[in-house]
Amino acid sequence: MNAPEKKIGAPMNRVDGRQKVTGAAKYAAEYDLPNMAYAVLVGSTIAKGRLSSIDTKAAERAPGVLAVITHLNAPKAPGAKPAGKDPSQPQTVGSALQVFLDDNIRFNDQPIAVVVADTLERARFAARLVKAQYAPEKHQTNLEANKANAFLPTQAKKNPKSGAADYQRGQVDAYKTGALKLEAEYVIPTEVHHPMELQAITAHWEAPDRLTLYDKTQGTMATRRDFARQWGLPEANVKVIATYVGGAFGNALHSWPHESAAIIAAKVVNRPVKLMLTREQMFTMVGYRPYTWQKIGMSATADGKITAITHESIGQTSTYEEFVEATLGQTKMMYESPNLTTRYRLAALDVGSPIWMRGPGEATGAFALESAMDEMAFLLNLDPLEFRLRNYTNQDPEKNRPWSSKFLKECYQAGAERVGWNKRQLKPGALRDGEWLIGYGMGVGTFGAHRGSSKASAQLLPNGTVLLQSAVTDIGPGTGTAMTQIAADTLGLAPGRIRFEWGNSDFAQAPTQGGSAIVNTVGPAVQEACLALKDKLRELAAGGNSAFASAKKEDVVLADTHLTLTGNPTARAPYTDLVKQAGGTAVTVESKPSGEGQKVSMYSFSVHFAEVRVHELTGEVRVSKLISCADAGTIINEKTAGNQMKGGAVGGIGMALMEHAIIDDRFGRYVTKDLADYHVPVHADSPAVEVFFVNKPDPYVNQLGTKGIGEIATIGVAPAIANAVFNATGKRVRELPITPDKLV
Amino acid sequence: MNQFQYVRATKPQAAIEAVAKDPNARFIAGGTNLVDLMKRGVMTPQKLVDINRLDLRKIERQNNALRIGALALNSTVADDRQVRERHPLLALALNAGASPQLRNMATVGGNMLQRTRCPYFYDTALPCNKRQPGSGCGALEGINRMHAIFGFSDKCIAVHPSDMSVALVALDATVQVSGPKGNRSIPFADFHRLPGDTPEKDTNLEPGELITAVDIPDGPFTKHVHYQKVRERASYAFALLSVAAALDIDNGTIKAARLAMGGVAHKPWRLTAAEQALIGKPATEAIFRQAATVAMQGAKAFKHNEYKLRLGPNIIVQALKTAAAA
Numbered sequence: 001m002n003a004p005e006k007k008i009g010a011p012m013n014r015v016d017g018r019q020k021v022t023g024a025a026k027y028a029a030e031y032d033l034p035n036m037a038y039a040v041l042v043g044s045t046i047a048k049g050r051l052s053s054i055d056t057k058a059a060e061r062a063p064g065v066l067a068v069i070t071h072l073n074a075p076k077a078p079g080a081k082p083a084g085k086d087p088s089q090p091q092t093v094g095s096a097l098q099v100f101l102d103d104n105i106r107f108n109d110q111p112i113a114v115v116v117a118d119t120l121e122r123a124r125f126a127a128r129l130v131k132a133q134y135a136p137e138k139h140q141t142n143l144e145a146n147k148a149n150a151f152l153p154t155q156a157k158k159n160p161k162s163g164a165a166d167y168q169r170g171q172v173d174a175y176k177t178g179a180l181k182l183e184a185e186y187v188i189p190t191e192v193h194h195p196m197e198l199q200a201i202t203a204h205w206e207a208p209d210r211l212t213l214y215d216k217t218q219g220t221m222a223t224r225r226d227f228a229r230q231w232g233l234p235e236a237n238v239k240v241i242a243t244y245v246g247g248a249f250g251n252a253l254h255s256w257p258h259e260s261a262a263i264i265a266a267k268v269v270n271r272p273v274k275l276m277l278t279r280e281q282m283f284t285m286v287g288y289r290p291y292t293w294q295k296i297g298m299s300a301t302a303d304g305k306i307t308a309i310t311h312e313s314i315g316q317t318s319t320y321e322e323f324v325e326a327t328l329g330q331t332k333m334m335y336e337s338p339n340l341t342t343r344y345r346l347a348a349l350d351v352g353s354p355i356w357m358r359g360p361g362e363a364t365g366a367f368a369l370e371s372a373m374d375e376m377a378f379l380l381n382l383d384p385l386e387f388r389l390r391n392y393t394n395q396d397p398e399k400n401r402p403w404s405s406k407f408l409k410e411c412y413q414a415g416a417e418r419v420g421w422n423k424r425q426l427k428p429g430a431l432r433d434g435e436w437l438i439g440y441g442m443g444v445g446t447f448g449a450h451r452g453s454s455k456a457s458a459q460l461l462p463n464g465t466v467l468l469q470s471a472v473t474d475i476g477p478g479t480g481t482a483m484t485q486i487a488a489d490t491l492g493l494a495p496g497r498i499r500f501e502w503g504n505s506d507f508a509q510a511p512t513q514g515g516s517a518i519v520n521t522v523g524p525a526v527q528e529a530c531l532a533l534k535d536k537l538r539e540l541a542a543g544g545n546s547a548f549a550s551a552k553k554e555d556v557v558l559a560d561t562h563l564t565l566t567g568n569p570t571a572r573a574p575y576t577d578l579v580k581q582a583g584g585t586a587v588t589v590e591s592k593p594s595g596e597g598q599k600v601s602m603y604s605f606s607v608h609f610a611e612v613r614v615h616e617l618t619g620e621v622r623v624s625k626l627i628s629c630a631d632a633g634t635i636i637n638e639k640t641a642g643n644q645m646k647g648g649a650v651g652g653i654g655m656a657l658m659e660h661a662i663i664d665d666r667f668g669r670y671v672t673k674d675l676a677d678y679h680v681p682v683h684a685d686s687p688a689v690e691v692f693f694v695n696k697p698d699p700y701v702n703q704l705g706t707k708g709i710g711e712i713a714t715i716g717v718a719p720a721i722a723n724a725v726f727n728a729t730g731k732r733v734r735e736l737p738i739t740p741d742k743l744v
Numbered sequence: 001m002n003q004f005q006y007v008r009a010t011k012p013q014a015a016i017e018a019v020a021k022d023p024n025a026r027f028i029a030g031g032t033n034l035v036d037l038m039k040r041g042v043m044t045p046q047k048l049v050d051i052n053r054l055d056l057r058k059i060e061r062q063n064n065a066l067r068i069g070a071l072a073l074n075s076t077v078a079d080d081r082q083v084r085e086r087h088p089l090l091a092l093a094l095n096a097g098a099s100p101q102l103r104n105m106a107t108v109g110g111n112m113l114q115r116t117r118c119p120y121f122y123d124t125a126l127p128c129n130k131r132q133p134g135s136g137c138g139a140l141e142g143i144n145r146m147h148a149i150f151g152f153s154d155k156c157i158a159v160h161p162s163d164m165s166v167a168l169v170a171l172d173a174t175v176q177v178s179g180p181k182g183n184r185s186i187p188f189a190d191f192h193r194l195p196g197d198t199p200e201k202d203t204n205l206e207p208g209e210l211i212t213a214v215d216i217p218d219g220p221f222t223k224h225v226h227y228q229k230v231r232e233r234a235s236y237a238f239a240l241l242s243v244a245a246a247l248d249i250d251n252g253t254i255k256a257a258r259l260a261m262g263g264v265a266h267k268p269w270r271l272t273a274a275e276q277a278l279i280g281k282p283a284t285e286a287i288f289r290q291a292a293t294v295a296m297q298g299a300k301a302f303k304h305n306e307y308k309l310r311l312g313p314n315i316i317v318q319a320l321k322t323a324a325a326a
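Those protein sequence lines, which keep their order, are chains C and E. Heads up: the first sequence runs through residues 1 to 744, numbered per the UniProt record's numbering. Heads up: the second sequence runs through residues 1 to 326, numbered per the UniProt record's numbering.
To be clear, the hints were calculated from the coordinates, so they are not data collected in a lab. Take the hints with a grain of salt, since some may be wrong.
To be verified - A few chain E residues that face chain C, going by a derived Cβ cut-off under 7 angstroms, partial list only:
1) Ile143
2) Glu232
3) Tyr307
4) Ala325
5) Ala326
All figures in this text were calculated on a predicted structure; none of them were measured in a lab. Virtual Cβ for every residue (Gly too), placed ideally from N, Cα, C.
Take these sequences, add in the hints, and give me the full structure.
What follows is the structure, given as C-alpha cells:
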C-alpha cells in the first residue's frame, strides 16, 4: 500500500466548508428546542447611578409575555457576586458582570431587565414598554479627561514581574538626553469586534441542576466553568455547545451579561430561552478594543542605532474589572535598545469592560512603536527598513536569551520585493499618479508563540473512520481542518477517514481559542492521541494475531477494513472485531509543553508592507497593495493560514482607516450604533492581500514546529498604512483612524 | 417593533385616502429606511399602506422631460438606457448610494423621503427635535462631524443623506404629487425644507400626499457630468460631502453649469451663485477654484465638522475637473 500524500502543509479545503456555505452549519441562535421562549434585554439609558424605579406592568400585560425579570424579582444564582463589590480589590477579567443583582448602573445600556415571551417579536415589543427611572450620578467616559487618574494595574502591584509592571533596562527615560530624539503621542480609539454573527445564547435547564448552553463562545470549558460557578453546580452538570462560531476576534473570550440574563430567564420561565443581541448592543456590553493613549520617546545615534526608548500607555477599562493587555510587549523585545522604559496604566471609566480584540494590546502598541520607528527613520534620513535592520535583535534583549526561531529578515526581504519597496522615496510626496499621491510604508508585528496543555481523544469506528474529539472551538481559522490534516498524517489515512469533532465541553479538555495558541496546543494532543490509538489497536489486535504483539507502532497500518502491518499482509485484524472488544478503542491523551521552552524566547513574527494612494484634494486613502509576511513556524494548511493572514490584514485596514466607536460624553452613550455609523472595510477597501510564509519549523514550541498566526496577521498592519500615508503626503496622523478629514 | 396594521393599496386614490385620514399612517414602498426606524422605535406608525402594487414604476419621455415613476427602483433607474443617455449625472449619483442590495429595494420616492442619519435622531434615549419636537438638538453641542454647514437652525443641524436628490436638484427636476386635494407639481429645490423651528418636517408634502413621479427636463448635461462623493470607505457609506456637477462646454467655454452639494444641509444644496460664476468662463481649474470659493460663502462649521470647510471647495474643484474631462 502506498502511503497517502502528506496532508500537513497542503491547501486542503475546509472540512466544514460545505456546511457553512449551504447553511447547514448551526450557530448559537439557530438551535430550535421544543417549547422555546425568546428573551430581549432592556438597557439602562444612563452611564452611572441607581435605578430608582422600574415599571414592568405594561410589559407584563403585553401579549405572549412570560416574564419580565429585573433585580427586584430575579432569582439569585448561588455563586453570583455583584460586580466590583470590594472596590479595593477590583476583579480582573474572568468574571462576568452578573445581571439583576442590585440597582447599580455601571455603564450605559447595562441590562436592567430581560423580557421573555413566546415569540421574539412579542418580546421585543414588550421590552419597549418597560419604563425605568434613575438617580443619575456624574459619569466619566472620556479617557483623555481621566489620564490624571490612571493607575498601575493591581496585578502589577502584586507582582513586579508581571508583564503589566513597569519595565526597565539601562537608564530610566534615557531618550531625554539623546542627541537625536523624538517624542510623540499616539491614540487608538475604541474599536469594536463586530463579528458577522451577533452574540447569542440558547439556555436550557434540562433539570433543576443540569444546564445546557448553545452559546457563542471561544472557550466551551471556560464558559462551563463560569456558569457552573455562578450557579453552584458541579462542572459536569453544565454542558456548553459551540460547534460553529461566526467570527469572534476575541469578543467571545469572556462571559457576558446577556449570558447570565438568558440563564436566569430560562430558570424563571422553565423553558429553553434564546437571546440574541442586537448590533447596537454589540457596542455596549460584550467588550471592545479599549481607547488607548500612548507616548513614545526615542533617541538614536546619527548612524541609526537606537539608544533609548520610553513607551507609556494608558488604556481604558471599566469600574468593575481591570482589563490588562500587553500593549508594551513588542517594545521590550523587538529592537536592540540598551535603555528601555515602559509604563502601563489603566483608567477606569463608566463603560462596559473591554476585552482582547484581535492582535490585542500588541496591535495597539505596535501602532505607536512602528509609527515611531518610521518617524525616527525620517529624522535620520534613513530608509525605514534599513533602520530596522540596524536595530535587529539576534537574541531577546528583554530576557537575554536566544529566540526559539526568528526568520524576520526573510520576511523583510520577501515583503520588500513584493511591494516594490525600491520605488519608495525618502522624501514624502515624491510619487504620484495623476491626483493620487503614492506612498509606501511598513510595520512589524510579533506575538508570543504560546502553547498550553490540552487533551484529545481518539477512537476507531467499525467502518474504519477515526473519530477525534476536543472541546476546542473553531471561530473561523479552520481549526477542524488543521486537526484533520495532523491526524491524517499521523495515522497515514486519507482526510476523509478522519472525523474531528469540536466545540463541546463534554469532549476532551482543551483551552479557549485565542492568543494564536490553538494549533500549538491542541495539534500535539491530536497527534499524540492518534499515536496512542495506533498502539491501542495494535495491542487489541495482538490478542488474535501474535504478529501484532511484537510489531512496532510505526509498522501498524490502518487499511480500509482492517489493521495490518507493513511488510506482513497476512497480519489482519478486522475493525469490526477490534471495536467489539471489551473497553472499546477509545484513548484520551494529554499533551503538555516540555520544559525546553524555558531556555528560549518563543515568538511569531510578521511584517506588513503597504502601498497607498491618497487623493490630493479629497483626502481619501486607498490601500493599493498590502503584503503580509509571516514567520509562524510550520504552516499546517497553506489555504486556511493564508486566509487568516488576509483577514487579519483587512482588520488592520479597518483599524488604520475607519474603525472608531464614538461616545457622546455628555450622555456617556455611544453615537455609533450600527454598521452604517461604525465602518469596517468593504471589498472595495482591500486590495488582493499577498501572503508570504517562511514556513520553517520552530524547534521548541512543539513537535509540529508551529508558532501561531492569528494575532501577527493584524499586528503591524495599521502602522504600515499610516507610515505609507506619511510617505505619500508628508502628513503624520498619530490618532487613528486616518479619515479624509485628517488629510485635507 | 410596535404592532401596526398593514394594508395593501392597488389604486393611488385608495392609498392617499388611507393615509390622509389617519395621522398615524405611513406609505411604505421599499422600506429600506422606514423598517429600520420602526425597529428602533424612532418611527411608530400604526398603519402601513403598502404602495408597491401601484402602477408607478415606468420611466418614459413626455413633454420634453423624462418622467420617472416614484416606485421605480434605484437600481432600475441607474441602469435605464434613457437615464444613462440623457441624465448620466443621476445614474452616477444613484450608484454612489447604499449597496446593490439596497438599490434593488429602494424606490425613487422613498429615496427622497429617507430620514437623516443623525445619531441623535436614531437614539430614542437622546434629545432630538426632529424626532421629538422640543427635546433639544443633541448634535448642536454633541458629536457633529457629519452635520450641516449651510441652512441649519439652532433647532436642528442634521443633513439629508440622499445622493440621488443631490443630482435631481442639480438637474432642475420637478416632483409630481397626488393628494386629497388633487395633483400638484413641486420644484425639486422646494421639495425638501430647511429645519427652521420645525425640523420634524423634512419636506413640504401635505398629509396624505403621495409622490407619483419625478420629471427631469431635457437639457444639455449629457456628457460633462460627475458625482463626487467623499466617504470614509470606498463604498457603502453615507457622504461626508458630495458634489453633483454638470457642465455644458462649448469650445472650452462653459455655456451652462449646475452644481449641488450633499452632506451639507437639511436638504440637497443647490449652489446657484457658484453656477453663475462659471457661466461664460473657460473650463479651467482656476475658474473652478473661484466658483468653489463662491460656493462656500456663508458656510459655518461646528466643533467636529470644520473639515467640511476645507474639503468642500476641494471636492467642488475635483467634481468640476472630472466633469470637464468626461
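Now for the hints, and whether the structure bears them out:
1. Ile143: holds, 5 angstroms
2. Glu232: With a closest approach of 5 angstroms, the Glu232 (chain E) hint holds.
3. Tyr307: holds, 3 angstroms
4. Ala325: Violated. Min distance 11 angstroms.
5. Ala326: violated, 15 angstroms
Comparing the model with each numbered hint stated earlier shows that hints 4, 5 do not hold.
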